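Asks: The residues making up each chain are set out below.
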Amino acid sequence: DIQMTQSPSSLSASVGDRVTIACRPSQIISTYLNWYQQKPGRAPVLLIYGASTLQGGVPSRFSGSGSGTDFTLTITSLQPEDFATYFCQQTYSAPHTFGQGTKVEIK
Amino acid sequence: QITLKESGPSLVKPTQTLRLTCTFSGFSLTTRGVGVGWMRQAPGKALECLALIFWDDDKRYSPALQSRLTVTRDTSKNQVVLTMTNMDPVDTGTYYCAHRTVLYSGVWPYDVFDIWGQGAVVTVSS
Numbered sequence: 001d002i003q004m005t006q007s008p009s010s011l012s013a014s015v016g017d018r019v020t021i022a023c024r025p026s027q028i029i030s031t032y033l034n035w036y037q038q039k040p041g042r043a044p045v046l047l048i049y050g051a052s053t054l055q056g057g058v059p060s061r062f063s064g065s066g067s068g069t070d071f072t073l074t075i076t077s078l079q080p081e082d083f084a085t086y087f088c089q090q091t092y093s094a095p096h097t098f099g100q101g102t103k104v105e106i107k
Numbered sequence: 108q109i110t111l112k113e114s115g116p117s118l119v120k121p122t123q124t125l126r127l128t129c130t131f132s133g134f135s136l137t138t139r140g141v142g143v144g145w146m147r148q149a150p151g152k153a154l155e156c157l158a159l160i161f162w163d164d165d166k167r168y169s170p171a172l173q174s175r176l177t178v179t180r181d182t183s184k185n186q187v188v189l190t191m192t193n194m195d196p197v198d199t200g201t202y203y204c205a206h207r208t209v210l211y212s213g214v215w216p217y218d219v220f221d222i223w224g225q226g227a228v229v230t231v232s233s
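One line per chain: the protein sequences are A and B, in this order. Numbered per our numbering, the first sequence finishes at 107, counting up by one with no gaps. Numbered per our numbering, the second sequence finishes at 233, counting up by one with no gaps.
It is worth saying that the hints were derived from the structure and are not from the lab. The structure displayed is predicted, hence computed values, not measured ones. Ideal Cβ placement from N, Cα and C applies to all residues, glycine included. Certain hints may be false.
[Claimed, not checked] With a straight-line cut-off of 30 Å between C-alpha atoms, the simulated DSSO-like cross-links for lysine-lysine are:
(1) K107/A - K184/B
(2) K152/B - K120/B
(3) K120/B - K166/B
(4) K184/B - K166/B
(5) K120/B - K184/B
(6) K103/A - K39/A
(7) K39/A - K107/A
(8) K103/A - K184/B
(9) K152/B - K39/A
(10) K39/A - K112/B
(11) K184/B - K112/B
(12) K152/B - K103/A
(13) K152/B - K166/B
(14) K112/B - K166/B
(15) K112/B - K152/B
[As the list claims (entries may be wrong)] One side only, chain B facing chain A, incomplete, derived with CB under 10 Å:
(16) L159
(17) F161
(18) R167
(19) V197
(20) Y211
(21) D221
Based on the provided sequences and hints, a complete structural model is requested.
Replies: Okay, structure coming up:
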């Protein structure tokens, strides 16, 4: 199985901050990388697919980049509703494994 | 509008079999490219893909759990059922079903779970 490593596991930030989350698969996955947001007690929500394509309805302050084994989710100007846990998922090969998550908390 | 909802027991005993039902609306599981996946999340842990059933009744299972999992569909009822045998306390967690589709970025297709159910909390305890 492809192992997905996210960093950091948690971070504290303020409204308006720029936040960057890294995701590194254990092998090359081209751009087969999705990002999800999950709020406590809620189901995950798809934010980005194909490493960099924003899902419809997702605010443009979210962006994704990377390919191969190095990916990044960036939130420019963090908003109150963005405090949540973010997961990456590879869909290059089955099983489609997830990262352990990055919790974004209010500073 | 696509919606999915998981249902089933919230408490099962060790060695028992878990049966979860995903009831969905807003799409057909006979439409080419569509699937329904099952994931779970143990407390404080990463999401884990368990099983996936496709529009043509093809099925995929987590290699680590394959011997314990069965996924079936009832297209007339718009339901997908996940069965997991020999439950253990380590199987405690929230179980989600989700709509699988293919989204395109330019000409490149990408597998996604774009709509998820609210999740079903399952506790395994005697």
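Asks: Of all the hints numbered above, which does this structure not satisfy? Sort the numbers upward.
Replies: When the structure is compared with the hints, numbers 1, 8, 17 and 19 turn out to be violated.
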